Amino acid sequence: MLTAIATILFMLLIDTAFQYSKTSSAYSKRISEMIVSEKMSYTFDDITEDVTNITGITIVQRESDLILKDSFPATNISQNLARYENFIRWRYLSSELEATFLTSNEQQTNLSNLTSQITVQPFAMTYNYTNFSKNDLFIQIPYAQSGAIQYIWYNISVNSGNFTNVSNITWNPYPQSCVVGTTGCIKFYLKVNDSADQEYNYTYINPTFDMTANAGHVNISFVNQSCWIEMWLGNVSGQQYLFNMGVHNCSVKTEIGLNLNTSNFWLHFPMKLKVRDINYNTSKEDNIGLIMTRLLR
Amino acid sequence: MRRGVVFTLDALVAVVIAILALAVITQLLSLRTGEWYKEIALYNSAQDFLTSRDKDSTLVTIFNQTDPDATATLNNLISVQIPPSMFARINITVCKYQGSYDCSRFITAGQAGTTDTKSVTRRVFTNTNNSYYGIATMEVWYK
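Read top to bottom, the protein sequences are chains L and E.
Letter by letter, the first sequence follows residues 12 to 308 in my numbering.
Letter by letter, the second sequence follows residues 10 to 152 in my numbering.
Rather than coming from a laboratory, the hints here were simulated on the basis of the structure.
A few of these clues could be false.
[What the hints assert, rightly or not] Derived contacts from chain L toward chain E, CB cut-off under 10 Å, selection only: (1) Ile-16; (2) Phe-21; (3) Ile-42; (4) Glu-49; (5) Pro-84; (6) Ile-88; (7) Trp-101; (8) Leu-104; (9) Asp-288; (10) Asn-290; (11) Asn-292; (12) Thr-304; (13) Leu-306.
[Stated by the list, open to error] No farther apart than 27 Å at their CA atoms in a straight line, the calculated lysine-lysine pairs in the BS3-like style are these: (14) L/Lys-295 with L/Lys-40; (15) L/Lys-80 with E/Lys-47; (16) E/Lys-152 with L/Lys-295.
[What the hints assert, rightly or not] A few chain E positions that, by computed beta-carbon distances, are all more than 10 Å from chain L: (17) Thr-17; (18) Thr-67; (19) Asp-78; (20) Phe-96; (21) Thr-124; (22) Arg-132; (23) Thr-135; (24) Thr-137; (25) Asn-138; (26) Ser-140; (27) Glu-148; (28) Trp-150; (29) Lys-152.
These numbers were taken from a predicted model, which means no experiment stands behind them.
Just so it is clear, CB atoms sit at the ideal spot from N, CA and C, and this is done for glycine as well.
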């Protein structure tokens, strides 16, 4: 009888220990999965941050201001992206981690095929160049989304020449002004500095342009005649531009700022990155986002 | 004779139960549940340190620093940011692309720990305009 009771008690003890063991095992599994998940996110962010840096664009968010700083022209960006991809595969990724670059159609590709277009969401606004040589810049937003922009400023610095004659800079035609608050009407500020720090300002009172109307166009030349820039604001051949700039033999820095109606926006390239843990067969896949520096006002 | 058989069976059952109990306890001990907590804290410390150094440009600045300067900077930052209950060591590998990757520069800062539980995190950083590429490997232990 006593033996039977002792046996039952032992069995109960073993069962309790077994249940505890199962719970602990599940808990340990969850923790290890959590660390794996963190590792994948960390690796994903590490790579996307470097891709942002290699493309040479700096993004700053200050509350609802989006500021894009860029340099024109650029050299070797696609080549540098290819070398970076080789390097991370050779030295960075550990044996259990795998990184794959994907097109928007989920086809495997190389980082050097990155398209030179940045999309600002949720407005579907695009900031792009013909290619990463950066001899031009096109900024567009769907007409219906244009109300998201309170105003834009364009600060252009030309580092490779002095204005031929700053007082002779004139638009032909001028941007077509419009009533602030109507769809497609953009309030803007524009200034251009040369390498001697002379300044050209677009001096209209309450300057605006209608992005659906024929574009205003300006051509700015410099003492070095091989260097000139041109800009359009508005509609060029049926395409509506918030900004369209051509850079010809000049070294130019731009700061384009948009005051938006929300501080909830994000930017990404069309390419995706997938980071996978081979042992756990879990992965993180998303568009390659551009890293923003967030400033307090 | 009959009493002896019962006693033997009793003893056998006790031995089997004891072995089972021992097996379960051994399994429980091998789970090292407490070690996971430690590993998370170590992992977070290592990850935070490297992320901060990447974002404040400490890592890319190393490309243009001498080895002693880089070591001094990293030692100072480790002493400030890593909790006093932990040891941390950072190994930097600097590579230069010259047709192929020449990775012949190595920098170490911090202090290695002696305990079994440690966390290792890596970060890549680059200055592609000057063809520099680097890997930072951070190891963190409890004291």
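Each hint tested on the structure:
Because the smallest distance between the Cβ of L/Ile-16 and any Cβ of chain E comes to about 12 Å, over 10 Å, the interface hint for this residue is violated. Annotation: L/Phe-21 was flagged as interfacial toward chain E, and the flag holds, the nearest CB pair being 5 Å apart, inside 10 Å. A least Cβ separation of about 4 Å between L/Ile-42 and chain E falls short of the 10 Å threshold, and the interface hint therefore holds. Annotation: interface hint on L/Glu-49 holds; nearest CB of chain E at approximately 7 Å, less than 10 Å.
For L/Pro-84, the shortest C-beta to C-beta distance to chain E is roughly 13 Å, which exceeds 10 Å, and the interface hint is violated. Against a cut-off of 10 Å between C-beta atoms, the interface hint on L/Ile-88 holds, since the closest Cβ of chain E lies about 8 Å away. A distance limit of 10 Å between C-beta atoms decides the matter here; for L/Trp-101 the minimum to chain E is near 7 Å, and the interface restraint holds. The interface hint given for L/Leu-104 holds, since its Cβ lies 9 Å from the closest Cβ of chain E, which is under the 10 Å cut-off.
Taken as an interface hint, L/Asp-288 does not check out: its beta carbon lies about 14 Å from the nearest beta carbon of chain E, beyond 10 Å. Annotation: interface hint on L/Asn-290 violated; nearest CB of chain E at approximately 15 Å, more than 10 Å. The interface hint given for L/Asn-292 is broken, as the beta carbon of that residue sits about 21 Å from the closest beta carbon of chain E, more than 10 Å. For L/Thr-304, the suggested interface contact is upheld, since its CB lies about 9 Å from the closest CB of chain E, less than 10 Å.
At its closest, the beta carbon of L/Leu-306 sits 13 Å from a beta carbon of chain E; the interface hint therefore is violated under the 10 Å criterion. Between L/Lys-295 and L/Lys-40 the CA atoms are separated by roughly 19 Å; this keeps the pair inside 27 Å, and the hint holds. Simply put, L/Lys-80 and E/Lys-47 have alpha-carbon atoms about 42 Å apart, too far for the 27 Å limit, and the pair is violated. Of the supplied pair hints, the one linking E/Lys-152 and L/Lys-295 is violated, its CA atoms being roughly 34 Å apart against a limit of 27 Å.
With a least CB separation of 12 Å from chain L, E/Thr-17 remains clear of the 10 Å interface cut-off, as annotated. Interface exclusion of E/Thr-67 from chain L stands, the closest Cβ pair being 14 Å apart, more than 10 Å. For E/Asp-78, the requirement that its beta carbon stay farther than 10 Å from each beta carbon of chain L is met, with the minimum near 23 Å. Residue-level check passed: E/Phe-96 sits 20 Å from the nearest beta carbon of chain L, beyond 10 Å.
Every C-beta of chain L lies more than 10 Å from that of E/Thr-124, the closest at about 18 Å, which supports listing it as non-interface. The claim that E/Arg-132 lies off the interface is violated: its Cβ sits roughly 6 Å from the closest Cβ of chain L, which falls inside the 10 Å cut-off. A Cβ of chain L approaches the Cβ of E/Thr-135 within 10 Å, the least distance being about 6 Å, so the stated non-interface status is violated. Non-interface status of E/Thr-137 relative to chain L is broken: a Cβ of that chain comes within 10 Å, the nearest being about 4 Å off.
With a least CB separation of 8 Å from chain L, E/Asn-138 falls inside the 10 Å interface cut-off, contrary to its annotation. Not every CB of chain L lies more than 10 Å from the CB of E/Ser-140, the least distance being 8 Å, so the non-interface label is violated. For E/Glu-148, the non-interface assignment is confirmed: its Cβ lies about 14 Å from the closest Cβ of chain L, beyond the 10 Å cut-off. Listed as a non-interface residue, E/Trp-150 keeps its Cβ farther than 10 Å from every Cβ of chain L; the least gap is roughly 16 Å.
Interface exclusion of E/Lys-152 from chain L stands, the closest Cβ pair being 21 Å apart, more than 10 Å.
Hint compliance for this structure: hints 1, 5, 9, 10, 11, 13, 15, 16, 22, 23, 24, 25 and 26 are not met, and every other hint is.
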